[in-house]
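Asks: Sequence:
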Amino acid sequence: MLGEFRRRLEEYEGSLIIGVAGDSGSGKSTFTKSIINLLGKDLVSSFSLDDYHTEDRETRKKTGHLPLDPKINNLKLAAEHLSALQKGNAIIKPVYNHKTGKFDPPEVFEPKKIVIVEGLHTLYDELRNYLDLKIYVDPSKDIKWLWKIKRDVEERGYKKEDVIKEIRAREPFYKRYIDFQKIYADIVIKIDISKFSEEDSYSVETILKVLDFPLSGIEMPLSLSSLINTSQKPMMISYRDDFYYMKRVSRITFDGLIPHEAIDSLERRIMEYTGFENYILERSKYVNGTQIAQLLVAWYFVEMMNNIFREIENAREKNIY
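0 is the number of the first residue of the sequence shown in the working numbering; add one for each residue after it.
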């Protein structure tokens, strides 16, 4: 099974596309970067749907429009580009510069075997059929607002008072244009304040749509001795079978900080199965719920794609015989 996914991926004609949706400041870009690190930069390329805004920052001030409104985003062009990328073809795409608030010259985007597209409208009807895996990142309102203020002030040059004003103005638009997309997601990642109030710790619930094919035998062992001997920090793990927007799902929640060595065997097993050459999680004493969610997403994606590969191989065999 070692490297089975990587072998099949290299033989696949075209590119697989992962879509990550969520509100501004929800952690989409951070999560996208983590998936790239997990799967490998040699396999993954990514871009943001923010590049398909049709108004720059100065124009939006005059019109009063917000980027959440799909009408000021060129989703038709984005769909054409996803169609080309799915076939493995390069595109010439627009570029929106968040630091200047203006558009830079268009650039050539060369797809790798896996393409991640993240943005406000990624799971809209126009784009959804091009996605092989659909993810929605859904932090609580308090966390999302804290993250957005920090990002927009430190990275994008906004004034804090302007960010707060925009947050208040945009909430009805978020409910109208963005929030409903979670209905279509294969994976929803809900992030909330930890019950244990540890630094860099969140309560992270990963909601996984139950797949309609057998999964590989990847167990989820926990080293009880590591938990008892090394963990002086509170933590909680829970699982339940449920229905989410009429879909059967598995809900897995991690809260607090978990000793790395307690889940070491799980990480190694996923590395063997996927052929990942690098460690998936950071080499730190503890891991948090967000990092474990990334691990679950990587495993889930590999399972879905290997099933697609098996179907392709079976179809080829039928044609041969």
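Misleading hints may appear alongside valid ones.
[To be verified] Just the calculated beta-carbon pair ranges, DEER-fashion:
#1 Glu-125 to Thr-58: 43 to 53 Å
#2 Glu-271 to Lys-101: 39 to 49 Å
#3 Val-209 to Glu-153: 36 to 46 Å
#4 Asp-178 to Thr-99: 25 to 35 Å
#5 Lys-140 to Tyr-238: 21 to 31 Å
#6 Lys-159 to Thr-53: 43 to 53 Å
#7 Ser-283 to Lys-164: 35 to 45 Å
#8 Phe-212 to Glu-125: 24 to 34 Å
#9 Asp-263 to Lys-164: 17 to 27 Å
#10 Asp-241 to Phe-212: 39 to 49 Å
[To be verified] Here are the simulated lysine to any residue pairs, SDA-like style, with alpha carbons at most 20 Å apart:
#11 Lys-284 to Asn-313
#12 Lys-246 to Thr-62
#13 Lys-112 to Arg-6
#14 Lys-111 to Lys-140
#15 Lys-112 to Ile-251
#16 Lys-246 to Ile-182
#17 Lys-164 to Glu-302
No lab work stands behind these hints: they were computed from the structure. Note that this is a predicted model, so its numbers are computed, not measured. Ideal Cβ placement from N, Cα and C applies to all residues, glycine included.
Asks: Taking the numbered hints from earlier one at a time, note which ones the structure violates and give those numbers from smallest to largest.
Replies: Violated: hints 1, 6, 9, 10, 11, 12, 14, 15, 17.
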